Structures are given as structure tokens and as C-alpha cells.
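With the hints as a guide, bring the two chains together.
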Amino acid sequence: MWDIRLQSVSKSYAKDAEKAVNDISLHVEEGKLFGLIGPDGAGKTTLFRILTTLILADSGTAQVGGYDVVKDFKVIRNSIGYMPGRFSLYQDLTVKENLRFFATLFNTSIQENYALIEDIYKQIEPFNDRRAGKLSGGMKQKLALCCALIHSPRVLFLDEPTTGVDAVSRKEFWGMLKNLKAKGITIMVSTPYMDEASLCEEIALIQEGNIMSVNTPDEIIDQYPEMLYAIKSKGMNQLLQELRNSELIATANSFGEYHHITLAKQGTKDLLIQALSHREDVELKSVRPTIEDCFINLMSNG
Amino acid sequence: MKQLLAFIHKEFLHVFRDPKTMLLLFGLPIAQILLFGFALSNEINHSKIIVVDYARDASTRSIIEKVRASENFDLYGVFNDHQQIEETFKRGETKMAIVFPTNFNQDLIHSGYAEIQLITDASDPNTATTLVNYFNMLLLDYQRELIEVQEMPFNINLSLRNIYNPELEGTTNFVPGVMALVLLLVCVLMTSVAIVKEKELGTMEILLVSPFHPFMVIISKVIPYLFLSIVNLIVILALSVFVLKLEIAGSLILLFGVSILLILAALSLGILISNVTNNQQTAMLISLMGMLLPTLMFTGFMFPIENMPRFLQVISNIVPSRWYYIIVKNVMIKGLGFESIWKESLILAGMTVFLLLVSIKKFKIRLA
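First to last, the sequence lines map onto chains S and W. Using my numbering, you'd call the opening residue of the first sequence number 2 and step up by one each time. Using my numbering, you'd call the opening residue of the second sequence number 7 and step up by one each time.
Since the hints were made in silico from the structure, they are not lab data. As the structure is a computational prediction, the values presented were derived from the model and not from experiment. Treat the hints with caution; some may be incorrect.
Mimicking SDA-like on lysine to any residue, the simulated pairs with C-alpha atoms at most 25 Å apart in a straight line are [unchecked claim]:
# : chain 1 : residue 1 : chain 2 : residue 2
1 : W       : K8        : S       : E113
2 : W       : K205      : S       : D73
3 : W       : K349      : W       : N313
4 : W       : K368      : S       : V76
With the rest of the complex left out, here is chain W (with noise of 0.2 Å):
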């Protein structure tokens, strides 16, 4: 036991003395997880929209006058027949379309209620959120000023239709996306690094010529960086709820046991790449390699997973952070219990159970 503090210590002045580490270590997720939180949330400005209108009255003249007025939305132009939209929406020269129906102004005097169809290419999910958002409070704007002049309830009903991608896959849920990624990478990348390094500086023939047992020497390189991988989810979440305003909906112990899971996963898969290495670049290139392409690709944050072709599909089955993206977004954003994630639990947990066993198994007790 004695033997584990010490080494544990010693894992941990390596990493508090080297400057490049502590860069790696916690510069790279703060950088990351701003970069693609203001990226994405920025406002949108100057978005070009379509107008099909049906109507042609006094009410849709006025909410058209406000559109071209914002700030937000640049009018594309103002057409009779829908055709248009699907056309300007493939040429990508807009991003939203506004429909208003035939006797628009007449339903909203007599009912007190009509509708407005907004249409949205949802292939770039958050822009299209973003462009809804921004028409939704230039209508309430609109009726907020119709009730002062004519002291009636209005109600405008917007009925929403996503083309492209109708289940906004991937929006602004990008904050699962990169922990998954991150916490992946960084795990990946140090366990493998800090043993490989012991190989390449030599001091690994002096650890294994001693009665410190070899699997003690993967526990002591595991358990640091787990506890800096922690801080460092703790960083991550900080930043989402303090700098990013997104709420975590979900159990926050919840949140951490299964994030502990991939860390663990994470090292193990970092452990099992020292043992295929002899020096730190060999081990840096196969963990990013091997790491960052297959979860950027297969972990759905930024591709939705239900475009692929089916053997893509069936590969992305295997890379962990799939499910701990899953597990996440129901967590975090979506704010279920266990009961909605125990199916990709169980697989994430049989994923490390394996790693760390084939580590522990391969992890040689002799030089060669």
C-alpha cells in the first residue's frame, strides 16, 4: 500500500512538472469545449429566408415588414406557390422558409387563431434551431403589439417542419459529444504515453526488477489520471452550465458513474497501446489516430449515426464513446433516470471490463 502512495505521488509530480502535460491535460478540453460552444451558439445574423405567401393581407405585409427589418433574417424574396422553397433549400440559398395560408388575416380577426408554417433545412440542425428561435420572438413581438391596439387575444400557431434531418440530431447537444471525445483522448493518450515513457527512459527495467507486483504499475498509472480525468469532467461541466448556459437536466451522480466508466475504458484501451509501443510518438500517433477519427466520426455528435451506410453503422457499434454519447444526452440534456440508459450502461461497462482484463492479461512482466 505504501508502495502504491509513493508511486501514485510520483505519477503525479511527472505530470505537475511537465509543463507540456498540464497543457495537454487541461488546456485542451477548456480550448475544445469553448471552441465548439461558441462556434455553435453564436448568434446567427443575416440569414436568408423565403417568404411564400398565400394571403397577401394586412397581416402578413406587417410580420413580412418586421422580417426584413431584423437584424437576423435577410428576405430572400416573397412568393405565391411552394415550389420555390425546395429549390432555394437545395441550392442552400436559404435556410428557412415562411408560409403563410390563404385568408391568414381573415382567421386571425374572426377566431382569434391562425397558423404560420415554418420550414427549415435542419441538415445544419443548429442553425435552424437558432433561425426559429429568432421568428418565434419577432411573432410574439407582433401579437404582443396587435393586443394593444385591439384588445383581443390572438393566437398564432406555429407548425414546424424540419426537413434534412427532422430529429435535429446532434444540436446543441454538442457539449456530450466533446466530453465524450475529450475525456477519451486525454485518457487514451496519458496512460499510454506515461508507460510507454517509463519504457523509452528505461526506468521500466528497474520497476520490473523489483518486487513491485507489474499489475501494481498499471494501477498507479491508472489511478492519477483517473482522479486528473475527473477534475477535469468537473472543468468540462463547470464550463457547459457557467460559461455555455446549458443546463444539466439529469442526476449528476448519475452523470459521473458513467463517465468514470469511460475514463476507465479509455485507460485501459491506453494501457493496451503501451504494450504494442517502445517509444512516446509510436504511442501518441496510434491514440490520436486510433482515437480521434473513430469517435469524431462514430460517435454521432457531429455525423448522425442513422445516415450511415449500414457497415458503418454496425462499426460504430464498438467505439465506446458511441454509447457514453448516448448515456450523456439522456443524462445531461434530456434529464432521464437509469432506467432510460442501463441497456448502453451495461454495454459501456462490459466494454471496460474487457479492456482492462486483455490490459492486465497482456501487460508483459519481462522486457520482451
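Looking at chain S on its own, in the form it has when it is part of the complex (with noise of 0.2 Å):
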């Protein structure tokens, strides 16, 4: 059973624009917990307002929870919980004031779904009476998928809900999906960090309107063509430049604390050891791409 399904969806938003979004297709099933991974631009954000039935496509059909978001957009608005990538709540009004106007809104209340939302409301029912405006980052991000949750919608979209939220709100941000999915929720979530897609069951990269690849992570992660090295030495920007420059390697990328690179045709490991001998403290060795890598190389190949 498919929960979110998009049909060659294309939009742009003037006639002779760039697509926002090109000839998209997908298919989510349903209780999966799927990401769009893209950086800012991709067509996340397009993608969500054409399935939440905020905008309409130029082309295309898309379907949730089997409705059309065009004849049927009444039934889905009663049936998703939407998270909009900008804090939208009513910062004016505290937590409580917020929670219960949208369970209000949506026909129902605090206490009916309160089983669905306690885990994370009990983190932010402190502050209660603080108005939403001066909660922290993460608070309000709790906040507002509370008030997403609060209908218990059968399909959740967050807009890069963890964007501008710091590491240890996001890692628990993400623990509070996989509860959710436990319960049954379908969920697509967008991120532009590439290290939160390994969390995902499934994900879709995207790029300037186009989607590169929807497989699981892993699988994604096992289509990678080349062999992957990461490098380091003391001296990391000339190294950079080196590689970059060398007749040996095909791609070269900083990657934190190492450089990832692949070999070109007349390259081996053993020739670029050799290259590189005049540098200090030379570590090189073959690692498991990473997401960002598989990015990286579908961007440049496509």
C-alpha cells in the first residue's frame, strides 16, 4: 500500500523559470519513514506544498493516502500533519495556547491524542505558559510537531525540521521519528545534512528539481562505482590542491578531517604513496562511502 505517491510532477513558479520541480516520481509506503535529502534550492520545499495541497502542479498527479491532492485536497488537510520549514506557530501565544488551538482546529483535543504526543510534550510542558516566540531552537521544533501530531494525521510531512536546531536537539528530534514510525505514522521528512539520511529507511536525493536516486541508504551507499579513499597529512589545504591537481586521481573532496578521493584510469594506491612521499605523516586508506559521497558523485555525474 502506497501512502505517498508522485507521478511525473513537474512546477515552476513563472512560464519560462527554471523547474522547481522536473518530472518527479515517487512512492512511499506506507509506515516508512522517508527522506528527502537535498541541499537548500533542491525542491523540497515544492515537493511538500504540491503533497500537502498548498500549491498545484503544472503536470503530473500526485496521491496521499490514495486521495488526489487536487480533487480530494479536503479529505488529505482532515488525514497529514505538516511541518513547515520556518517555525509557524503563533509565537505570541504560549505552548499551551498553541497546543490546544490547533487540537481545537483539528476537531479534537489535548487529552484524546495525548498517548501520541506524550513523549515529547512532557519535554516542553514545563513551559507551558511561555509564549512560543521565547522558546529555545529545539523547544519550538518540539512544539510544533506536537501541534502537527496532535490530530494523530495518518501521514506526516516535516520540512527540514531540524535546520537551524543544534546536534543534540536533532539527534533526540530524530529518536522522536523513530518512535513515531513505530506507531504506525508515515513520515517524509526533507533535511539538507546529508549525515541525518543514514536515519531514514528510505530516501530520495534531489538536485535543482530532479531526483538523482530512491533507494534505502545502504543501498545507495552500495551503488557507489568507484573505489573510496580517505587521505590525510599534515598540510590539509596544499594536499588538497595537490590531488586536485594530480594526473592520479579522478575526484578529490574534503571530508572533515580527511579528503575523500577516487583513483583515476592510471592510478593505483601504491603510485600515490609514492606521489606523495614528500609530504609528512601520509595515512591513506579505502572507507565505506558515505552518503554525501554518493551525492557528490551522482551530482557530477548527472
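Given below as C-alpha cells:
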């Protein structure tokens, strides 16, 4: 059973503008935690807005929970939870007032679905009477999630929920998503952070309105076509320059502590070590690619 | 229904928690009514007046003496012919002329009846009326003195002529004008900003992605501001009655009825504006620029519409406050009933229905 279904959906905001979303087809199974991974401006928000019935696609069809986003938008609006990218609650209302308002708006009460939000709500309950505008970034996200969940939606859309949130809160947030998934809610979440991709069951890599790959994170990594090495030495900046100029190297990208490189046809590991023998503390090892490596690879090949 | 109530409750919280909104909502009308009220109702001192005395007898002399002695008047001069009046009026040197006919004293003593002609420059109608009133008091004073001495009823009749603005349009009636202005401005501004704010903060996205009907969003925005506007109206009326001592001559219910009509028209206009704008600044600018100038110009309380060029008169027909102003003047000042204002009320109602329908039709159920 598919909960989200996109069939060659395209959308551009102006007549001759580039397409924000270009011929995208996607299926998300019921109960899956699905991630849309891509940089800013990749078309993630546009896709979300089409699925949440907020904007109309130029072409193609989309269904959520089996309902058409154009024809049955009223049914869909009853059965989904949506958390926009920007904090979108009433800043001048308190935590409790916000929650109660959204509960009433969805024809339910806080008590009715308390079980669903309990874990999350407990953490912000001490601040019940604080205005939403005065909460910290992580707290705001938790409140927004509570509000999006209050009516026990079938599908949850979270547009970049972890952007601008500190590392600890981000980790917590993903923990909460796991719990929600366990309760049977289909979740579509977008993020620009590649390291969060592995926390999803299935991901779509999206870039400039095009989907480059859809699969589980592991499969995507397994499909990485080259041997990937991590290298480091003293003077990392010069090293990167040298690697990029070397005929032995196909690609070289800075990656935290290491540079990730792939070898050109004529390059081998031994030849490379030889070529770098003048540098101090060279360390070269083969590594399993990350989603970011895959993304860069797909991007340069696409 | 529960949803609607929750929404309305939320809307009130927004208003009461924002001091700026409160100030705009209640401070502006109070400030305006008081400013207009006192600026226009303050007494006038040392106004230059001109006297044309064809009689030059004892009576006229003593009246002129009284004028000279009065704080309110400054005597520009006593002349022998009419010519002077028009000239000094045109140069703006005098505001009123007193004309004594020949044989003033004789008429008064023998027949007990005499006439004085007052000519006022009514281009500033408030000053004109005030000056006439001052002179009237002065004359009564004189008559009382005469009766004490001669024990014979005298009757000095004032024949009044206003030039430049004979109808005295827009005199003490600034209150209806301010009511129209304030209600229109506040309502349009408030609703447009309230809706655009939801767009700007992104909360509109969530509201739309909810089972709540978009039409209900409009309703729940309109109701709080309708209520607050009525409170506003009560404040304005109370100020007019108790501070500015203006009596409400006609039916209060009728007055409230037509006011609600205008408020609804204004609220619909606000919703319409909110549809075409995406941030509060623009909404505010459109509401203020789009409302303030036409309302000031075409309502008729600052500039009489009869004196405008033909095409401006035609334009003035589409300004709701113009009709409202006529209605309020008739009901509040002249004390007339519904039969005198049904035409204007019908026009206003038509505008309201039209605006409301268009604004609901145009309200977007999606983002773009």
C-alpha cells in the first residue's frame, strides 16, 4: 500500500523560469520513514507543498493516502500533519494555547491523542505558560511537532525540521521520529544534512528539481561505483590542491578530518603513495562511502 | 462551531497581547475625535469684523461700542457702503460684516422692531457660525439693557447671509466624518494586517492544511474586529456626547445598524487587500494610502463634494464613507428616520454585499 505517490510531477513558479520540480515520480510505502535529501533550493519545499495541497503542480498527478491532492484536497487536509520549514506557530500565544488551538482546529483535544504526543510534550510541558516566541530553537521544533501530531495524522510531512537546531536536539528529534514511525505513521522528512540520511529507511536524493536516486541508504552507498579512499597528511589545504592537480586522481573532496578521493584509470594506491612521499604523516585508507559521497558522485555524473 | 470559537479566542489574544495594535485600535480614534473636536470647537477670539453703518445713530453707536469692547471681535473699521465688505472678505482680512440699515434707531423706538444684516465668510463654516453666535449674544445683552431703561419690548431681527458656502456644509458635523474615517481606516487596516500576518509568519500554511474551511478563517478574522469596531464606535459616540457635547438627535439603533454596515464593508475591503499582498508593510501601506486619501477627500466632511469638479463627484460615489457620512449626518445631527436614508443605506448595503462576495470568492484556498 502506497501512502505517497507522485507521478511525473513538474512545477515552475514563473512561465520561463527553471523548473522547481522537474518530472518527479516517487512512491512511499505506508509506515515508512522517508527522507528527501538535498541542498537548499533543490525543490524539497515545493514538493512538500504540492503533497500538502498548498500549491498545484503544473503537470503530473500526486496522491496522499490514496487521495488525489487536487480533487480530494479536503480529505487530505484532514488526515495529514504538516510542519513547514519555518517555525509557524503563534509566537504571541503560549505553548499550551498553541497546542489547544491546533487541537480544536482539528476537531480534537489534547487529551484525546495525548498518548501520541506524550513523549515529546513532556519535555516542553514545564514551559506551558511561556510564549512560543520565547522558546529555544529545539523547544520550538518540539512544540511544532506536537501541534502537527495533535490530530493523529496518517501521514506526517516535516520540512527541514532540524535546520537551525543544535546537534543534541537534532539527535533527540530523530529519536522521536523513530518512535512515531513505530506507531505506524508514515513520515516524509526533508533535510539538507547528509549525515541524517542514514537515519531514514528510504531516501531520495534531490538536486535542482530532479531526483537522482531513490533507495535505502545502504543500497545507495552500495551502488557507489568507485573505490573510495580517505587521505590525510600535514597541510590539508595544500594536499587538496595537489590531489586535484594530480593525474592519478579522479575526484578529491574535503571531508572533515580527511579528504575523500577516487583514483583515475591510471592511478593506483601505490603510485599515489609514491607521488606523495615528499609529504609528512600521510595516511591513506579505503573507506565505505557516505551518502554525501554518493550525492557528490551522482551530481557530477548527472 | 468549537473551532470557530477557538479561532476567535485566539484572535482576541493576538490583539490584547500586542500593545501596538491596541494603541492603533483605540488610541487613534480617541486622539482623532478629540483633536478634531477641540480644534474645531474652540472659541474664537479677536476675529476681525467690519461694520457698515448707514444709520449712524445712538443705537448703532452703542452696539458698535459693545463690539469694540468684546474680546471676541476686533473692529476692522466702520464704513458707509457695502463695497468694502466684499473686498475685505476677498483679501481675507475680515470674517464677518455687520450692516445697519438707515433709520435703525427710529425703527427700533417707534415700531419696536429693527433689522441688522450679518454677512459671514462661510468658507470656514465653523468660524462663521461661531461668530454669528457671539454677535447674537451681544445683541441679546443690548436688548436686555434697553428693556431695563424703557420698559418696552424691542425686537432686533438678525438677517443672516453666508457667502461662499451658503449651506454651511461640514460645520459642526465633523463627528460623522471622523466616525466614517476612523471606522473605515481601522477596520480595513486591522483585517488586512491580521490576515497578512498569518501569511508572513507562515501560520497560514498550517491553517490551510487543516480541516478548517478557508471561509471560516475569514469569518473568524471578521468577528473579533467587528466586535472591537463596535466598541470603538461606542467610545467615539460617548466622547462626542460627553466631551464634545454633541447630542445624538436620531435613533441610536439606526445609527448602530448603518455603522455595522459600513464596518462590514470595510472588513471585506481589508480581506480583499490581504489577498493581494504578502507582507504586513504592503498591506498597511495599501490600506492607509488607499483608504485615507479617498476617505478624507470624498467623504465630504473636509471638502464639500458639491464644490468639486464633475468627474471627482462621480468618483466620490464609489467611496462607501460618502454614503455613510450622509446617513450619519441625517440620523445623528438632524434626527431623521430611516425613510430619509433608505437610498443611501441601500447603496451602502449593496457595496457591502459586493465586497464581501468578492473577498470570499478571491480568498485563496492554496498558497499561490
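How the hints compare with the structure:
no.: 1; hint: K8/W <-> E113/S; result: holds (16 Å)
no.: 2; hint: K205/W <-> D73/S; result: holds (23 Å)
no.: 3; hint: K349/W <-> N313/W; result: holds (22 Å)
no.: 4; hint: K368/W <-> V76/S; result: holds (22 Å)
Hint compliance for this structure: no hint is broken.
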